[in-house]
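There are 4 protein chains.
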Amino acid sequence: MRHVFAIATFVAIARAAAAEEAWYPSKYGKDDTIGAANNLSPAIVVEAARLVKTGRTYSLGVTTGPDSPAFGKHRSFQIFTEAFVIGEPLGTNRATANDDFLATWMGIGSQLDGLGHLGIDFVYYNGHKERDFLRPHGLLALSTDKVPPIVTRGVLLDIARLKGGPLAGGTAISKSDIEAAVERQGTPIRKGDVVLIHTGWLASKEGDPKAFLESEPGLGKEGASYLASLGVVAVGADSWGVEVLPFEDPKEAYPVHQILLARNGVYLLENMNVGPLAADEGYEFLFVLGQPKFAGAVQAVINPVAIR
Amino acid sequence: MRHVFAIATFVAIARAAAAEEAWYPSKYGKDDTIGAANNLSPAIVVEAARLVKTGRTYSLGVTTGPDSPAFGKHRSFQIFTEAFVIGEPLGTNRATANDDFLATWMGIGSQLDGLGHLGIDFVYYNGHKERDFLRPHGLLALSTDKVPPIVTRGVLLDIARLKGGPLAGGTAISKSDIEAAVERQGTPIRKGDVVLIHTGWLASKEGDPKAFLESEPGLGKEGASYLASLGVVAVGADSWGVEVLPFEDPKEAYPVHQILLARNGVYLLENMNVGPLAADEGYEFLFVLGQPKFAGAVQAVINPVAIR
Amino acid sequence: MRHVFAIATFVAIARAAAAEEAWYPSKYGKDDTIGAANNLSPAIVVEAARLVKTGRTYSLGVTTGPDSPAFGKHRSFQIFTEAFVIGEPLGTNRATANDDFLATWMGIGSQLDGLGHLGIDFVYYNGHKERDFLRPHGLLALSTDKVPPIVTRGVLLDIARLKGGPLAGGTAISKSDIEAAVERQGTPIRKGDVVLIHTGWLASKEGDPKAFLESEPGLGKEGASYLASLGVVAVGADSWGVEVLPFEDPKEAYPVHQILLARNGVYLLENMNVGPLAADEGYEFLFVLGQPKFAGAVQAVINPVAIR
Amino acid sequence: MRHVFAIATFVAIARAAAAEEAWYPSKYGKDDTIGAANNLSPAIVVEAARLVKTGRTYSLGVTTGPDSPAFGKHRSFQIFTEAFVIGEPLGTNRATANDDFLATWMGIGSQLDGLGHLGIDFVYYNGHKERDFLRPHGLLALSTDKVPPIVTRGVLLDIARLKGGPLAGGTAISKSDIEAAVERQGTPIRKGDVVLIHTGWLASKEGDPKAFLESEPGLGKEGASYLASLGVVAVGADSWGVEVLPFEDPKEAYPVHQILLARNGVYLLENMNVGPLAADEGYEFLFVLGQPKFAGAVQAVINPVAIR
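Chains as they are written, first to last, in numbering that gives the first Met the number 0: chain A, 0 to 307; chain B, 0 to 307; chain C, 0 to 307; chain D, 0 to 307.
Isolated chain A, as found in the complex (with noise of 0.2 Å):
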């Protein structure tokens, strides 16, 4: 029973973070609260700018809809249509009108993890406790509305050419699995980089969103530290969680959220769509992300574009 142990839980709580060691305050400063995105400039932007060359451009996000395939038993997406206007159009001009409504999950679809999404032991990003800014109706700190546009040199990562084909579920992406990438590619990673991978999960299971979920290649612990040292803005990968799955040690959860999000501030961008920039070998681009800006967000739902 919860109930009775509620206590002893707390207090095993606090000894555990205290025993565990110091992983906050964040490089970026005790009272910094968007990671990674500290390591954006102008002079970025600018040099990311340069790399449109052909002028296409890439939507990055996926169709959410009633049958996107989402993480647990309770995420959903409803949308309401409806006409605004019945009977007797407005006006001379006889305007009429439709509208729309959403009650909608944000983990669903692509999203955009912020970094009050995953934390250990109640602490995330930079030390902040869940007690102090998760409230009902909107986090009081490290909510996706506070993240400032990424714009950016994006580099995607064709692991699954790399590889021969998709990747199998389970399938952890490792430091030297990244470097070869590189290698291939000729993309070296930079410090401000958005690094996208492809694994090709995202077309190989169309159709089938229980083996979707139920699995998926995705970085290692490993690779997840390499790049967060690199310093990476996000990453984002064609799968719904970024991380391999099942977990590399059987008995965690989520380690590789908890070394992006919660130890370095960096940024997960789950289900994005890379297969067309994989196949026009787009490894290089100007990558811009706005994601909506709902008040005390801890995801969103993005379409980030690619433009190269």
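What you were told as hints is all true, and nothing was included just to trick you.
Put simply, identical chains are the same to the list, so a pair is met inside one copy or across any two.
Straight-line Cα separation of at most 30 Å, DSS-like style, residue types lysine-lysine; simulated pairs:
no., residue 1, residue 2
1, K145, K209
2, K26, K128
3, K174, K190
4, K209, K72
5, K190, K128
To be clear, the hints were calculated from the coordinates, so they are not data collected in a lab. All values reported here derive from a predicted model rather than from experimental measurement.
Following the hints, position chains B, C and D against chain A.
Positioned in the frame of chain A, the structure of chains B, C and D alone reads:
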């Protein structure tokens, strides 16, 4: 009573529609569904990317929250943020997480009006009839998830500066106002551009939602027709409706919406936070919009990014 | 393509409706909107109250939650419970509070089907046409908030007991089944009664929502017509749809709903938890239903009370 | 800033709770979760049924809609009604249907306040601590779906009539008011009763939601304690909060809610439409409440029925 006259009304509507001058098919072809987005091109993207010189980025979306002023009395926004893990954290790595759910109208805050939003006599852009494409859970055509990324040159028309200060509610922006702003700024409007208008309304009515919604300065019919004739893809402003309110002709309702959306397939971008761009005299920039792609959505809460 | 044939379809519908035998106006008058609730009367209430002898009460509603089996893939239930006070309690008396929000379909769990729920060719009880009374935010007529309290004699027909055990899916309950149950129990059905049927389905499919929804025993067309002819106000059962599934004629859809709701104005009470009543041989009782009155609602989640 | 003082606050709360006089465990036993509903009994039901003499029924719930006055600025109600069948009807019997979805707070309109709604220092009825039973998707204890049907004698106290007209906002109803009303009416209050108070507020503020919510006449602390001491199961009124507003002691918040819900396990019934009962001098009646059973709900929109 609407009951009694419903059939008579339908007959009247049919006659009115027949009497109407032919405003469709669209110049982009009888099967077109994306309107002025057809004016985008790779060449325009390449050229627009060259406008990036300072590396400054601007988040054009305002934050949408429970207190955001909203059109009509029905539109509202609610967010629910919650702990995903209660009690004992997950795994030996002690993962905890938060999640969020939205119950919100899409036509709130910074928004993209899709071509299915406003029509004439139940007929929308390119002759799409409401009964054919309006369904309770998503439009069958003209929805915002089908709009390609809008990546192009953005032009800010600082009408507030031109006129010596924030415009008053009810001020209609005319063709000659637009020409004067273009002349003052040295930024001719070109086919494929996105035009954003700075009226000063958003800033001057900050904290007074009632006044903000009751009226607004904005495009008049002549100004709207002029912009459409230039081939712009979208028109935005720092007001909730882009168009002047009260309407120029008090017997009409949303005539500018009709001119732009229905007759010309030009998108509307409402509640654009262009104040900072105006302060920097950022009259020309790379405009990037990747709207969240909710299947069948009439509108979309957005956060376009201006880069210069 | 629905687009192309929409007009043809409307014409076909109009013809079909014209060819249909005259099933309206209602016997309760051409302006009637409450159907068989007209059969209620003060005299019936007084008489029904006299059935209370043991003082036992039965909650006929099941609990509706996120895991409740629900018709179709769209119907769902979500509840959000939250602290209203965070941090410091209110006042010197240190008040704290909790609140809750629902995002739910009404047609889930124990439900009242109103007369606006199911019709024939877009025509509902007493000739109400869908286009006249269906509005996006509430029916203009036939909504469940307009149904008066249903206080009357309740009769439980224990068909499961009659047949020697829970009925199998697809078992149609006929007029003779009803007559036999009435005979066995000694409870003739009278005008103004609410009739509840115990099939055993709810209990026998407990924990197997898929099987629960795929089929069900229930009223056949003959049985439904017979009950309607007796003047009952409502018919309920311990199944999600009251009527037999698969339908007796595989080319038809919900014919029993049509007979009861559309043709006779008899209400449906779905997912009624009548097992405990049956166990107590509570075949006759005072039935009281006060449904929550949501303006314009098609259906209503209910919890009628049987008292004996 | 709440962030900074959160820990200090928790310490302060702990001390305050320790200093508090012992108001739990409940007189109904240390494990009790239903409070004064324990005072119900079959004998009381049988006796209450004998009060039915005229056969008149009264729907005590008001209709809840988008315009219903609601506590706080967050509580709201939205309903979405829609065609389930578009285009071609189903089957040879041409079935069509409508459906509805609610996005609503439960604490709106006529409502049952459950014992998990209001507490003292995060402690609720019978010592239940918020952190132990409050979960994001339903209370683990004290939820309204667990309340048994409330079937008992109802007593209407017509305080408005006693005082010669609708009470003004801020009028506290005292023990002697209750005694005088009981005396005038000849309806002593007994253990197990539901007491409803007619103040005239609902009718007198009709059409003025702002005035309706800003204050209200209602039970004072003395009156509430008196009713609790008599063993009543629930107390309702024709006002949104049952208790007097402004509070008798301006430094307190919802003391009557605390007395009834937290200290005595007595339920609150808000926005009860008792005007018609009062008009008929229906001071004694059979009261029946079967609330919709939403799993884990804090409150419930209800429509109790009075029968006399």
